[in-house]
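A.B. asks: Sequence:
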Amino acid sequence: MNYLNSLNSAQKDAVENIDGPLLVLAGAGTGKTRVLTTRLAHVLNTHKAMPGELLAVTFTNKAAMEMKERVSHLMGGMPVEGWWLGTFHALAGRMLRRHADLVGLSSNYTIIDPDDAQRLIKQLMEVNSIDVKKNLPKVAIAMIDRWKDRALTPDKITTEEADDFANGKMISLYTQYQDRLKTLNACDFGDLLLHMITIFQTHQDVLDQYHRRFRYIMVDEYQDTNVAQYLWLRLLAQKSKNICVVGDDDQSIYGWRGAEVGNILRFEQDFENARIIKLEDNYRSTQNILNAADGVIAHNEKRLGKTLRSQKGTGDNVIVHGLWDGEAEARWVGEQIEQLQRQGVNNSEMAILVRASFMMREFEERFITLHIPYRVIGGPRFYERMEIRDALAYLRVTAQPHDDLALERILNTPKRGLGNTTVQRLYDHARTAEISLHESIWQLCETDDLKPKQRETLLSLMKDFERWRAAIETTPHPELAGIILDESGYMEMWKADKSVESQGRIENLKELVSAMADFESLAQFLEHVALVMEAQENDSADKVTIMTLHGAKGLEFDCVFLPGWEEGLFPSQRSMDENGLKGLEEERRLAYVGLTRARERAFVTHVANRRTYGNWVNAIPSRFIEELPEDAIESSSDIQPRSMHWDSSGFNPAPKAFIARTETANGLKVGGRVKHPSFGEGTILVIDGNKLDIIFDRMGRKRVLESFIEAV
DNA sequence: CCGGGGTCCATTTTT
DNA sequence: TGGACCCCGG
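In the numbering used here, the protein residues as written are 1121 to 1832.
Because the hints were derived from the structure by calculation, they are not lab data.
Treat the hints with care, since some could be wrong.
[What the hints assert, rightly or not] In silico DSS-like cross-links for lysine-lysine, where the CA-CA straight-line distance does not exceed 27 Å:
#	residue 1	residue 2
1	K1182	K1132
2	K1242	K1254
3	K1188	K1359
4	K1426	K1535
5	K1182	K1630
6	K1168	K1242
7	K1302	K1132
8	K1132	K1426
9	K1398	K1132
10	K1573	K1583
11	K1535	K1618
12	K1242	K1182
13	K1361	K1426
14	K1583	K1630
15	K1630	K1615
16	K1571	K1535
17	K1188	K1398
18	K1630	K1535
19	K1615	K1663
20	K1188	K1242
21	K1258	K1702
22	K1289	K1254
23	K1361	K1168
24	K1302	K1258
25	K1289	K1276
26	K1663	K1432
27	K1182	K1398
28	K1571	K1663
29	K1359	K1132
30	K1289	K1258
31	K1289	K1302
32	K1535	K1583
[Stated by the list, open to error] Label-pair distances were calculated between CB atoms; the ranges are:
#	residue 1	residue 2	range
33	G1498	E1640	26 to 34 Å
34	D1139	H1193	19 to 27 Å
35	W1562	M1170	46 to 54 Å
36	D1139	K1432	28 to 36 Å
37	K1258	P1534	23 to 31 Å
38	R1694	K1432	43 to 51 Å
39	H1648	D1221	45 to 53 Å
40	D1569	M1170	35 to 43 Å
Backbone N, C-alpha and C fix where the C-beta goes; we use that ideal spot for every residue, glycine too.
Could you put the whole structure together from the sequences, leaning on the hints where they help?
C.D. replies: In structure tokens:
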């Protein structure tokens, strides 16, 4: 097989060891994806299994898509439809469609998104007279999510675990939440796995069916699995024992979301006669970068341990640089970027990886003034946008009348005069009669509980939905979606809207409608959208990337900037307070992930003064900086020794006097209309020396240099 | 149904 | 510091 020739011996070993449990411990940049895809192709090529007999699991849709493409390519363009290759959630969801009745759902159940889940728990908390200000619904839903991560159904929660939150009613709330979901014929993300585990544990015949089907199981990013995912895999693998997991314990950074590093650390004990193959040849980074990363991660106690060997040579030292404050840091990074540009590095080969998103703004502002093109990763996703969620709600109610959450969302959108009082009355009736909102509306419209105006509006809306529903059979679904958005007045609402964003929203809606054409039916589209819909990145321009360290996992760049390496920020204080040593070790893994994203150059910075929540605080360099091996780094600092004298009070004056003015030397005034060569027109908000804060009509608020601005 | 003003609060977020 | 949320007055 010629595809084996390009692999090193450890990789080849991992590809050819097909039977029995196998852990591939794949360090950063050691060709993990390549091993996984080649192995899959190898199983097929050696006729050990047919495509339908393989189960391949990833965490992200992106990873799943990439894997499909690469395997298909290796197999000479073999079609991948119908393969059991996807995310945990997509695969479990697909199984659950077939067996939904075993957990009291019907197969057309809806998958609710985190936003709906939060609204649902909030409603329940209010019904239970829990003060939702003191007990944030966000926290309640997080508790439930964490329980689900550990495969704990309400009956398995101990009083101790539920603690005092929500007047000690969390267990009951969890039960009510699950009941409510069942009534709604809905699942949240965690349920997809949890229900399947329940089914496997209570219906041996169903489990047998999958045992017969799946001869080989492969799992990517195993270090990020939670208990539920682990149990699901274990149940599926217990017969064939042919399970191959790939991962890196040093890159486990989602513990706060329920991931258990323990799963990968324990693999040998969990699966008898398991083999471990370590991939330690690194094809990505220079040895200096690897030494730096290794020096940091070596301080962690709980790890399997491996040492990366660069196949690229020593390279440059990792730069460590201290600066006065965040502004100086952004300025310095900007200068380095300009210098690298002059050396011929593409913008798209440079990235700023921050610990927390609030740190992004300072870089954005600086890049705007310097005209460095950049892209921020981590804004709201396509399907999280208001207009998309609204449109989906219309489609969901059309497809499934009893989807209460969707119906509630659009009942008064666009405004129809159905205010809070009406909705509350409908809900009260629904609850007492134990019926859905949809039924409740029909019933109440036959009484005179509601005012005639509301009754008419509701009846007309319900008739609209009936009409659209009837059209599902006869009208192609993208066309139907267009009709719905039109006839409901939703599209009109945005067309009439004069705000800056409305044009973008209309375009998003059009994009949604055209995206539907890729699916066979409305139902199939809705199934897909809940789990998979992503913002399409049609932005191929050459830009510097600004993103969080978490977002950067799996990516690589020539040059990586790692700002904010300060105690309290990185490692994050909260992480350490809440999770102690475990938290600190996860932060350290984050540092490891950050450094190993770099191919050629890495720049670590820290500042002496960081502004957080509006006040200035002194900062000391992160302990991770001390952990960097001296001979792999080159250290310098702009911080004047003088600055060390006035610390400790916690209340320092701002580093620079800020004198507010209302007019610039050239006569531009606050409130005046101006024009910028790349951002278009806007209004001056604040004047700060030669810098202006301007609200641009199309781009929002930005800080720019006066020299680029002219009055309109 | 809207906007003004006060208050409270702050990480990371694959599905 | 600034954004999200809520209450109240028009």
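A.B. asks: Look at each hint and say if it fits the structure.
C.D. replies: Results for each hint:
Restraint check for K1182 and K1132: satisfied, since their Cα atoms lie roughly 25 Å apart, inside the 27 Å limit. Pair hint K1242 plus K1254 holds up; C-alpha atoms about 12 Å apart against a cutoff of 27 Å. Distance check on the hinted pair: K1188 and K1359 sit about 26 Å apart at the alpha-carbon level, within 27 Å; holds. Between K1426 and K1535, the direct Cα distance comes to roughly 60 Å. Violation of the 27 Å bound is thereby established for this hinted pair.
Taken as a hint, the K1182 and K1630 pair is honoured in the structure, with Cα atoms around 23 Å apart against an allowance of 27 Å. A C-alpha spacing of about 51 Å is found between K1168 and K1242, which places the hinted pair above 27 Å, so the restraint is violated. Under the criterion of a C-alpha separation no larger than 27 Å, the hint pairing K1302 with K1132 is inconsistent with the structure, at around 48 Å. With a C-alpha separation of about 18 Å, the suggested pairing of K1132 with K1426 holds against the 27 Å cut-off.
Distance hint between K1398 and K1132 is fulfilled; the C-alpha atoms sit about 11 Å from each other, no more than 27 Å. As the CA atoms of K1573 and K1583 are separated by approximately 15 Å, the hinted pair is consistent with the 27 Å bound. For the hint pairing K1535 with K1618, the CA-to-CA distance comes to about 16 Å; that is within 27 Å, so the pair holds. Taking the CA atoms of K1242 and K1182, the gap is near 32 Å; set against the 27 Å cutoff, the hint is violated.
A distance of roughly 26 Å separates the Cα atoms of K1361 and K1426; the hinted pair therefore holds under the 27 Å criterion. Under the criterion of a C-alpha separation no larger than 27 Å, the hint pairing K1583 with K1630 is consistent with the structure, at around 25 Å. Only pairs whose Cα atoms come within 27 Å are accepted, and K1630 paired with K1615 is accepted, the gap being roughly 13 Å. Between K1571 and K1535, the direct Cα distance comes to roughly 17 Å. Compliance with the 27 Å bound is thereby established for this hinted pair.
Of the pairs offered as hints, the one joining K1188 and K1398 holds, with about 24 Å between alpha carbons and a cut-off of 27 Å not exceeded. In summary, the hint linking K1630 to K1535 is supported, as the alpha carbons are separated by about 21 Å, within the 27 Å threshold. Simply put, K1615 and K1663 have alpha-carbon atoms about 32 Å apart, too far for the 27 Å limit, and the pair is violated. A hinted pair counts as satisfied when its Cα atoms are at most 27 Å apart, and K1188 with K1242 does not qualify at roughly 39 Å.
For the hint linking K1258 to K1702, the alpha-carbon distance of about 23 Å falls within 27 Å, and the restraint holds. A threshold of 27 Å between alpha carbons decides the hint, and for K1289 with K1254 the separation of about 14 Å falls inside it, so the pair holds. This hinted pair checks out: K1361 and K1168 have alpha carbons roughly 14 Å apart, not beyond 27 Å. Distance restraint check for K1302 and K1258: the Cα-Cα separation of roughly 21 Å lies within the 27 Å cut-off, and the hinted pair is therefore satisfied.
The hinted pair formed by K1289 and K1276 meets the criterion: a straight-line CA distance of about 15 Å does not exceed 27 Å. Note on K1663 and K1432: the hinted pairing holds, with a Cα-Cα distance of about 26 Å set against a maximum of 27 Å. Distance check on the hinted pair: K1182 and K1398 sit about 25 Å apart at the alpha-carbon level, within 27 Å; holds. A hinted pair counts as satisfied when its Cα atoms are at most 27 Å apart, and K1571 with K1663 does not qualify at roughly 57 Å.
The suggested pairing of K1359 with K1132 holds, with an alpha-carbon distance near 26 Å, which does not exceed 27 Å. For the hint linking K1289 to K1258, the alpha-carbon distance of about 15 Å falls within 27 Å, and the restraint holds. Restraint check for K1289 and K1302: the C-alpha separation of about 20 Å stays at or below 27 Å, so the hint holds. Restraint check for K1535 and K1583: the C-alpha separation of about 17 Å stays at or below 27 Å, so the hint holds.
Roughly 32 Å separates the CB atoms of G1498 and E1640, a value that falls within the hinted 26 to 34 Å. The hinted range of 19 to 27 Å is satisfied by D1139 and H1193, whose Cβ atoms lie roughly 25 Å apart. Here the CB-CB span from W1562 to M1170 is close to 50 Å, well matched to the stated 46 to 54 Å. Look at D1139 against K1432: about 35 Å separates their beta carbons, and that is inside 28 to 36 Å.
Separated by about 28 Å at the C-beta atoms, K1258 and P1534 satisfy the suggested range of 23 to 31 Å. Between R1694 and K1432, the C-beta spacing of about 37 Å breaks the proposed range 43 to 51 Å. Under the hint 45 to 53 Å, the C-beta atoms of H1648 and D1221, about 22 Å apart, miss the expected range. In this structure, D1569 and M1170 break the distance hint of 35 to 43 Å, their C-beta atoms being roughly 60 Å apart.
When each numbered hint is compared with the structure, violations occur for hints 4, 6, 7, 12, 19, 20, 28, 38, 39 and 40.
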